[in-house]
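Participant: Protein sequence lines correspond, in order, to chains A and B.
Heads up: the first sequence runs through residues 1 to 378, numbered per UniProt numbering.
Heads up: the second sequence runs through residues 1 to 378, numbered per UniProt numbering.
Hints were generated in silico from the structure; no laboratory data involved.
One thing to keep in mind: the hints can contain errors.
Going by beta-carbon spacing under 10 Å, a handful of chain B positions derived as facing chain A [unchecked claim]:
| # | residue |
| --- | --- |
| 1 | ASN141 |
| 2 | LEU169 |
| 3 | PRO212 |
| 4 | LYS309 |
| 5 | ALA331 |
| 6 | PRO344 |
Positions of the beta carbon are idealized from the N, C-alpha and C atoms, including for glycine.
What follows is each chain in one-letter form.
There are 2 protein chains.
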Amino acid sequence: MAVARSMRRTSPISLVLAALLAFGFICFMLSPSAPSASSASASSQQRQENAAEHPLSPPTKPFFKSQPVRSDGYKAAPPVVHYDLNSLTNTPDSIANGERVLILTPLARFYQGYWDNIEKLTYPHELISLGFIAPKTREGNAAVAALEKAIAKTQSGPIDNRFASISILRQDFEPPLKSQNEKARHAMSAQKERRQSMSRARNSLVFTTLGPGTSWVLWLDSDIVETPATLIQDLTGFDQPVIVPNCFQRYYDSSKKKWDVRPYDYNSWVDSQTAQNLAANMGPDEILLEGYAEMPTYRTLMAHLPDMKKLDPKKMLALDGVGGTALLVKADVHRDGAMFPAFPFFHLVETEGFAKMARRLGYEVIGLPDYFVYHYNE
Amino acid sequence: MAVARSMRRTSPISLVLAALLAFGFICFMLSPSAPSASSASASSQQRQENAAEHPLSPPTKPFFKSQPVRSDGYKAAPPVVHYDLNSLTNTPDSIANGERVLILTPLARFYQGYWDNIEKLTYPHELISLGFIAPKTREGNAAVAALEKAIAKTQSGPIDNRFASISILRQDFEPPLKSQNEKARHAMSAQKERRQSMSRARNSLVFTTLGPGTSWVLWLDSDIVETPATLIQDLTGFDQPVIVPNCFQRYYDSSKKKWDVRPYDYNSWVDSQTAQNLAANMGPDEILLEGYAEMPTYRTLMAHLPDMKKLDPKKMLALDGVGGTALLVKADVHRDGAMFPAFPFFHLVETEGFAKMARRLGYEVIGLPDYFVYHYNE
Chain A
1 MAVARSMRRT SPISLVLAAL LAFGFICFML SPSAPSASSA SASSQQRQEN AAEHPLSPPT
61 KPFFKSQPVR SDGYKAAPPV VHYDLNSLTN TPDSIANGER VLILTPLARF YQGYWDNIEK
121 LTYPHELISL GFIAPKTREG NAAVAALEKA IAKTQSGPID NRFASISILR QDFEPPLKSQ
181 NEKARHAMSA QKERRQSMSR ARNSLVFTTL GPGTSWVLWL DSDIVETPAT LIQDLTGFDQ
241 PVIVPNCFQR YYDSSKKKWD VRPYDYNSWV DSQTAQNLAA NMGPDEILLE GYAEMPTYRT
301 LMAHLPDMKK LDPKKMLALD GVGGTALLVK ADVHRDGAMF PAFPFFHLVE TEGFAKMARR
361 LGYEVIGLPD YFVYHYNE
Chain B
1 MAVARSMRRT SPISLVLAAL LAFGFICFML SPSAPSASSA SASSQQRQEN AAEHPLSPPT
61 KPFFKSQPVR SDGYKAAPPV VHYDLNSLTN TPDSIANGER VLILTPLARF YQGYWDNIEK
121 LTYPHELISL GFIAPKTREG NAAVAALEKA IAKTQSGPID NRFASISILR QDFEPPLKSQ
181 NEKARHAMSA QKERRQSMSR ARNSLVFTTL GPGTSWVLWL DSDIVETPAT LIQDLTGFDQ
241 PVIVPNCFQR YYDSSKKKWD VRPYDYNSWV DSQTAQNLAA NMGPDEILLE GYAEMPTYRT
301 LMAHLPDMKK LDPKKMLALD GVGGTALLVK ADVHRDGAMF PAFPFFHLVE TEGFAKMARR
361 LGYEVIGLPD YFVYHYNE
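Chain A extracted, bound-state conformation:
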């Protein structure tokens, strides 16, 4: 009950500011008579028109441009416009099928490396919408300000770099920790509260931004600063309901005097009997956490699996828990109800609880031990 009470203090979450940015392509949509610049080929014009039907605003074209005027002076109501989503697929051939991807990022801090990395993604940007949620703290304000600056640059830059649409949501509850200092954030005692708060942020984001045109949701943390440029093609290519790459970190090994990599995210794992026994003896509101010496689970951690001498980026592994630093989900899995439990769900919360829930809904959860994304090194 103490948990319920402490959670209620932050409830109801309400979004106090949704800054909806829709740049670039959309203005072309409604100005068919604008002078066509020489660089705008027929095909890029076509892509601009597609971009306007982005998933966050399905009815941007809900009417014909010229409506007949009725006898009473009103323009007549437009006829029923059907958005035929028979082609709403999620397939290995995602680009050819024009599948829209929604990248969702809980914004703790803004890293230029994060933005530079998503700007370099080679999946067609007119098929990518971005959604952010940031806390209403000084740090959150600073992150949003920096993000908006980066957005303004990209969205007024070359057409091919511009994203279909961008939404920024602001949560009105305080995050449980004032400091985003890494040590404080990872202290085991603070983890439960922190991850329950993060669950609420993730749920607000996906419930609010998922539209009828979204095929895939890519969860990408704001401190992921390096991925392959083909990340979306690669991950959609596996055609799995839920798939998670391995999140590592680059660091300078001062003993060997060279840069090396090390595991960062320990939340992707295969369950163990030890962990299940621990859970069986827990109270209903206690949770299991991974990556803490105080609570050895003996789960098989994906972070420890890669053999750096013999990597196979296509290798797949069925998982029971996932981390959310980078996580691709078919939109249908969310539509079926899979979300990030802010309450202990089989003694799991947030992304680990999400994996359990996806499996309860009958979906497989897959990890890619030898496919890497990299976390910022604080």
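Starting from the known structure of chain A, fit chain B onto it as the hints suggest.
Facilitator: This is chain B only, laid out in the frame that chain A set:
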């Protein structure tokens, strides 16, 4: 595991058709030079402009109407447009605060009585968006066709009757029961499968249609044919996170030779020790169902509480389970992650599981034993 397999056959749910209808007000938005009819007062013009920012399409106004043209002939990217949702509230004074309501209806059959009833709701229609989801069956097709006919009439009728926006989603999985015959639908053996399928439909609907501007979600089944015209004002007036009226049914009592009412929905209840003991001895995939003689739970059923001689429509009762025939939810409760579990959640599914989940998230669940809505009598 058998359950997981049988559920996977219907997965992944994908929406094969989203017919997005946006009528009426929107066309006025983008035609400021249209001749103003004498009946369009300044205030109704204002309301029409508001209506265009409906929750399903936040970026309908993402640009200024006239963009400067850059030297290269492109119109300049519009500046960042902030949709300031500081005013996104959910309060007892919902109309004065212009709070948007999303009415969500899983469409099994179309009843003219359902449509006539929502058309009579006195909550300002420009603040109401409607969302439907229908199965891809012959019955579903017929229901959608009838619905579209009703929509066309209302949305081209008097301005005050028109709704802000309407979305129709089609699910591509077969409902578990071909027949919507009442007896077949209620057979206990079919209930688990039916309600898991209904959970998926409800989740698809809320994940896809909830937008950043939505304050309240009113779940209203397609066979609810009579409510007070002030339903939304009345329910929002209680200012509760989750609130459910009592669902009854009118019938002709042939012995007494007069019309009378009787309870219909038994899913709103206060838990009992008997039910908890039953649950404690169940396997992880078994569920409790209410309203079946084969499984007496001795829960306190809201359906049985009203004393018809002494009604108090303001009387509130804390509940553990709710039915979904009519159910008002603050949008923030969904944004926090509360959904309709398609898997046994504390041995509960669908709306009853939703109530449990809302409570796990720290929200109260309230019933109104003496406030009635009426179900169609088959």
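Participant: Are there hints from earlier that the structure breaks, and if so, what are their numbers?
Facilitator: When the structure is compared with the hints, numbers 1, 4 turn out to be violated.
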